[in-house]
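*Asks:* Residue numbers (our numbering), protein chains in the order written: chain A, 735 to 927; chain B, 29 to 336.
These are calculated hints, taken from the structure and not from any lab test.
Among the hints, erroneous ones may be present.
Claimed, not checked - Residues of chain A clear of chain B, computed beta-carbon distances all greater than 12 Å: (1) 850; (2) 883; (3) 889; (4) 893; (5) 906; (6) 912.
Unchecked claim - Calculated lysine-lysine pairs in the DSS-like style (CA-CA distance at most 25 Å, straight line): (7) B:332 with A:776; (8) A:906 with B:332; (9) A:874 with A:805; (10) A:874 with A:906; (11) A:848 with A:906; (12) A:795 with A:850.
Unchecked claim - Have a look at the derived ranges for each label pair, beta carbon to beta carbon: (13) B:329 with A:919: 24 to 34 Å; (14) A:848 with B:325: 48 to 58 Å; (15) A:793 with B:126: 51 to 61 Å; (16) B:192 with A:778: 51 to 61 Å.
Source: prediction; values computed, not measured.
Here a beta-carbon is modelled for each residue, glycine too, at the ideal position from N, C-alpha and C.
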Amino acid sequence: MITVHQSCRIFSGLLALLCAALPAMAAEEYVYDAVHSSVSFKARHLDISWIHGRFNEVDGKFSIDREDASKSSFQLTIKADSVDTANPARDEHLRQPDYFDTKQFPTIEFQSTKVKAIEGGFEVTGNFTMHGTTKEITFKLMGGKQIESRGVRRVGFSTELRLKRSDFGFDKNAIGPIGDEAIVIIDCEGMSK
Amino acid sequence: MPDGFVFAQAFFASMGVSVLVLLTPFALLRLTRSTPSLHNHSTVFSVPGSIAAGVIVGCHVLQFPWTWPPANAIERFLQLFVPGTLIVHLAVSLWSHTAGTIRLLRLLPSLACPLLILYGSVHLRAPLSVADHSLPGTVAAPLIIGSCTITLLAAVFTTQSLTRRTSPLITGLLITLTLPAAGISIMLAGYIKGGSAALPLAGSLLATVLGLRFLPHEPRRHALPDLALLLLFGLLMIGHFFGRISLLQAASLLGSPLLAAAIPLPQKFRSRHTGELRLRLLILAVLIAAQLALAAWEFSVRMKPLLA
């Protein structure tokens, strides 16, 4: 038979356990869903039109704390070798050292350092590493709506980055007819771990 | 975009500076009628000095960024391998060593070359994902490093044995003239910056080889073919492992000057220095022209539509 005193002890123990678990539960952990996400880019050609491309192999994970956005984090790794502009010869050219130099710098990476909640999403600051050069960038990551589908919690985000290739150590002499600035469009969906 | 005028400027600027650095001390010593020992000391510095000065000026014309630490293969090649090789060349000339030490010192750049060029690249790392069908870095790296080192050592020993049979200046000249062809092949395969690095190297080496013809008693000329071969090998490694020149292309470019120097010539050509030089240059020209024609054809099929 459990006495009142024992019940109180069990209850307070459970409460303490619950309190300890709360901070861990507050952050939602997701992994990048490659099937429903894309990282694409476009750059000006001769300043009259756009060349479009995408990266086919991307990986990442993010942690979202809806109570305290500053505890959220975003990490993305793009395999530079997976560049695809629907032209195999151009893709081979882009993999060479005048452009991405994928044999020396196989990945393009982003790791957030500061996250702030804004209306409709987050303002994310972090280190973007491309072509062996790391720069701090800040962008608005819109979305964050969460749904549960077939027992898997999902969340979606999208953003657009404007990056200058010359800022990341790309050869200025090779910039030529392709504009220095590239617009990177990230549409990603995360699945709960 | 590649600019032929800038490439020509880089080539001739490196040549001009190298000739100046090579010949000025000799001219001054001759004018002042200095002692032979002073003459000898000056020659020790003149060859590596003229190559270094030519490469620096040529790279400056090409606007190569001198970033430290070097981040990619071409920067490691120009900022570490070329100076390192010249320092070894200087050390061998400057101090009197035993034959064994000299041989070991001269082997150092050959042993360091593959590792230095491939350092930090995917060729020496594990694959990024299971989807990668390449060999894991731990298995592939020793294989790549080993095969490159063995090939380079074989080429160095072949060059050294050829130097004993043919004039070192002829062998040096044949290897040096292959450098711009290697550069053009790398450029035609799509790596402009890597290929253009051949021009300052070729300009300064060519100036040194030709300049040494006016200094008949310069004993350091025997090391020139080795030096030219190391630079050619390093450049071809970059073209193959980071650019898109095939292994066959790289091997034939490396083999062409050695073949041109090795082919036995009839006695009537061998008795006259210029006759031998002309014939060997002709053989090299035929070999190089065939390879450049193939590279140009591949360029017109693959790369030209991208530049339109």
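*Asks:* Next step is simple, just say for each hint if it's right about the structure.
*Replies:* Against the structure, the hints come out as follows:
Every Cβ of chain B is farther than 12 Å from the Cβ of residue 850 (chain A); the closest lies at roughly 32 Å, confirming the non-interface assignment. In this structure residue 883 (chain A) is separated from chain B by more than 12 Å, as the shortest Cβ-Cβ distance comes to about 26 Å. A cut-off of 12 Å between C-beta atoms confirms that residue 889 (chain A) is not in contact with chain B; the least separation is 24 Å. At roughly 24 Å, the least C-beta separation between residue 893 (chain A) and chain B is larger than 12 Å, which holds for a residue marked as non-interface.
Look at residue 906 (chain A): its CB is around 8 Å from the nearest CB on chain B, not clear of 12 Å, so calling it non-interface is violated. With a least beta-carbon separation of about 10 Å from chain B, residue 912 (chain A) fails to lie farther than 12 Å from that chain, contradicting its non-interface assignment. At most 25 Å may separate the alpha-carbon atoms for a hinted pair to count; residue 332 (chain B) and residue 776 (chain A) meet this at roughly 21 Å. Between the alpha carbons of residue 906 (chain A) and residue 332 (chain B) the distance comes to roughly 20 Å, so the proposed pair stays at or under 25 Å and holds.
A threshold of 25 Å between alpha carbons decides the hint, and for residue 874 (chain A) with residue 805 (chain A) the separation of about 17 Å falls inside it, so the pair holds. Of the supplied pair hints, the one linking residue 874 (chain A) and residue 906 (chain A) is violated, its CA atoms being roughly 28 Å apart against a limit of 25 Å. With a CA separation close to 31 Å, the supplied pair residue 848 (chain A) and residue 906 (chain A) exceeds the 25 Å bound. For the proposed pair residue 795 (chain A) and residue 850 (chain A), the alpha carbon gap of about 18 Å is at most 25 Å, so the pair holds.
Restraint check, residue 329 (chain B) to residue 919 (chain A): a C-beta distance of roughly 32 Å satisfies the suggested window 24 to 34 Å. Distance hint check: the CB atoms of residue 848 (chain A) and residue 325 (chain B) are about 53 Å apart, consistent with the given range 48 to 58 Å. A C-beta distance of roughly 56 Å is found between residue 793 (chain A) and residue 126 (chain B), which places it inside the suggested range of 51 to 61 Å. The hint said 51 to 61 Å for the Cβ distance between residue 192 (chain B) and residue 778 (chain A), and at roughly 58 Å that hint holds.
The structure is inconsistent with the numbered hints 5, 6, 10, 11, although it conforms to all the rest.
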